[in-house]
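The chain contents come next:
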Amino acid sequence: MTSKNPEQTNDSQSPDGMSRRTFLDGALWVGGIAVVASVAYPIAKYLVPPEQTEPDPTTVNVGKVEDFAPNTGIIFKMGRKPGLLICTSQKEFRAFYATCTHLDCTVQFRADMGLIWCACHNGRYDLNGINVAGPPPRPLTPLRVNVAEGQVFVSREDA
Amino acid sequence: MNSQNGRLYRWFSERYGVTKVVEFLRHKTVPVHRGSVWYYFGGVSLFLFIVQVLSGILLLLYYRVGAESSYESVQYIITKVPFGWLIRSIHSWGANLMVLAAMIHMFSVFFERAYVKPRELTWVTGFFLLALAMAFGFSGYLLPWNKLAFFATKVGTDIAGAIPWAGDFLLRLLRGSEDVTGATLSRFFGLHAAILPALFTVILAIHLMFVQVQGMSEPHLSPAQKKPPMPFFPNFVLRDMLLWLLVLNLLALLAVFLPWELGEKADPFAAAPAGIKPEWYFLGAFQMLKLLPAHLLGIEGELFGILGISLGLVLWVLFPWWDRWDPARPRKLWVKSVGILVVAGFLTLTIMGWVMQ
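Line by line, the protein sequences are chains A and B. According to the numbering used here, the first sequence is numbered sequentially starting from 3. According to the numbering used here, the second sequence is numbered sequentially starting from 4.
Don't take every hint at face value.
[Said to hold, decoys possible] Part of the chain A face toward chain B, derived, beta carbon under 8 angstroms:
1) 54
2) 79
3) 122
Hints listed in this document are in silico derivations from the structure and should not be mistaken for laboratory results. Given the structure is predicted, the values throughout are model-derived calculations rather than measurements. Just so it is clear, CB atoms sit at the ideal spot from N, CA and C, and this is done for glycine as well.
Isolated chain B, as found in the complex:
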């Protein structure tokens, strides 16, 4: 490394032990096998998070929170501010792509069984990052204060309100009043622009630290199947950068050719518009709530659905403790079946939610 001789490098290494970091990066490798392509989706999620932070900061320069100003300020951003439409559209599309990339990342980790010992907590922190990404999506969706967002937030917070015992408290905590009002908007803005970014950054740092400390998970292959690993720097990093550039292009194409619509301003005294639907990643849950009958097993269908989804999520986050690594059984049919069932169920409900009125 040429810079090692540079004065700047010397200045730092005399004070901060930079050589250790450089040595670590120089020796870091990435395993090469048939599933290597899935390694890139964690990086893509990270890239999209960075895009969200930067475009979000830009939106903050003009966005004014409030029932009388939110919609108007977003309208101002997309009609008057130079390239405002682009920044806003990038932020909306970026959010969707980030959730998608994180989901692909999660399911690839699941099918590769990369969560087994010693990586249980990498799985758990990753699960919470995806949950936070969805909370980002839910809270950000309200901020333009349009009709769809208004009713989506009514439904979403009402679901929280149906939770036994804590429901009333949670509902008022989330809404900042009995109904979805300007108070809710203020809270969601604080959540979206301060609390969630702080939480996300901390958990992301822990998640990445785990990956660095333990190295990347490798499928258990026979020595004959093994290939030499790839150096992280520069081989993997350059591939990563190329993919990030491609994702940036995809994002730009979507933002330019399918600009995100603003819709009509929220009106608390108007009926919910026909054809109302949440973002795609909540469509599955939405469709389930639609299909459940009014009463099921002695409780309200809504509560049944919430309890069912919560139980499923708890089982999912604890999966590394259900499926422990056993060298005698490198492949387990039941694990694969669970994964396929979950993906198929999610896709089926999502598509049903998409096409059904």
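Just chain A, same shape as in the assembly:
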């Protein structure tokens, strides 16, 4: 350190043209970002829950045919999600996922309206699950119904 000017000493150029200050600034930035990232990344990953690994059943036994009166509907467990089974006035079975396509509420069968109705925002679907009035943007997701040996089985359409 022969120079009398301390500024000059601090900013002395290295052979490749980078001053010590620039180098230290850069190193601080890189180090600082690395510290923040190594704290933030595990936290961000921790906040999002892992995917459920337990598989949903593809077919569910909902009950005996004679237990269902015409013009009624029930909510049943289709794996982790609620399903809606309707017994029409012709004693025909229809099933859907009961989750409203508007904002995720659980719909119900309304015998007085002859419709599937969502209490949250007054959404309406016909008995084929087609959205006919109110805010729902899409039809309900249909499920397949099979009757075998007097029992009602509901299965996913992709099963």
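Add chain B to chain A, keeping to what the hints say.
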């Protein structure tokens, strides 16, 4: 001040410069004018926040979070614990009154145009405090794990899930799983009892510091209209205390004569009950989502509503930058019109949401 001669006072002032604070309080004044009454609503919001913190801490002593214990523990609080029903009812009513007081505070600031330079950031921090108060309301609503809360949370988190790009991430972040489950309950509890109080306290401290540093906003009056200000201590403080006492009485009356109901326990495999409605401060948004058609301008009505409300809120929080102070125009008709439109729109949708099935 007698205590100035006291030994305790001397002990502190020799170490911490208490005299400066006392001098500040002694000289602090509150402007007196026709709109002075609106100054009290900030204080009322603060008082109700304190009530919420204290009653919330008391509820923590018995509340047990979990899909199998939340409902049961709240039931235990309101049926078995001495005065548990009162504490719980105070907490629920206090939340509603706090949001109401903060809203009145916000709209009075708006109509007095107290947000103009140099108080832009007081407006912004106040806006975030109200937003946090509503987040408190939304997260606390789920904690008793009853049917209404369950579906309100399904709808509310599904709205977050509809946000483009970030929606899926936000939905899982909020719910802690795909659906509203016990995992959601744990998250909301952590949010309600740890994260939100910490955030709220910090922003509240900044908000109050701004008010102390800049003093209270005054309407621009001609010298003839001006009245001498009121000393903060004791004149304004005593009035504040009297009002706080009245609010405490109102809260007690509501809690005792209209105790908050617990309802039925949440059942993820039951249909949403007829007549389901959110808390009054979300009714306006709820009604709007009900009125919007399934599709609008090529996107889903739901998304349209969310984008519309978000845009409105951004415009609202940035209002101090749309309306700048101009001494030549102390009154602006358009500002008043915007305020009246917003209040009228909010009230109309809220009342519609209240009366319509």
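For this session: Would you settle whether the hint for residue 54 of chain A is holds or violated, based on the nearest Cβ-Cβ distance to chain B being less than 8 angstroms?
Result: Holds, because the Cβ-Cβ distance from residue 54 of chain A to chain B comes to roughly 7 angstroms (cut-off 8 angstroms).
For this session: May I ask you to test the interface hint for residue 122 of chain A with respect to chain B, counting a Cβ-Cβ separation under 8 angstroms as satisfied?
Result: Since chain B brings a Cβ to about 5 angstroms from residue 122 of chain A, closer than 8 angstroms, the hint holds.
Problem set entry | Interface hint compliance - residue 79 of chain A to chain B, C-beta minimum distance less than 8 angstroms | Cβ of residue 79 of chain A sits 5 angstroms from chain B, so the hint holds.
When the structure is compared with the earlier hints, no violation turns up for any of them.
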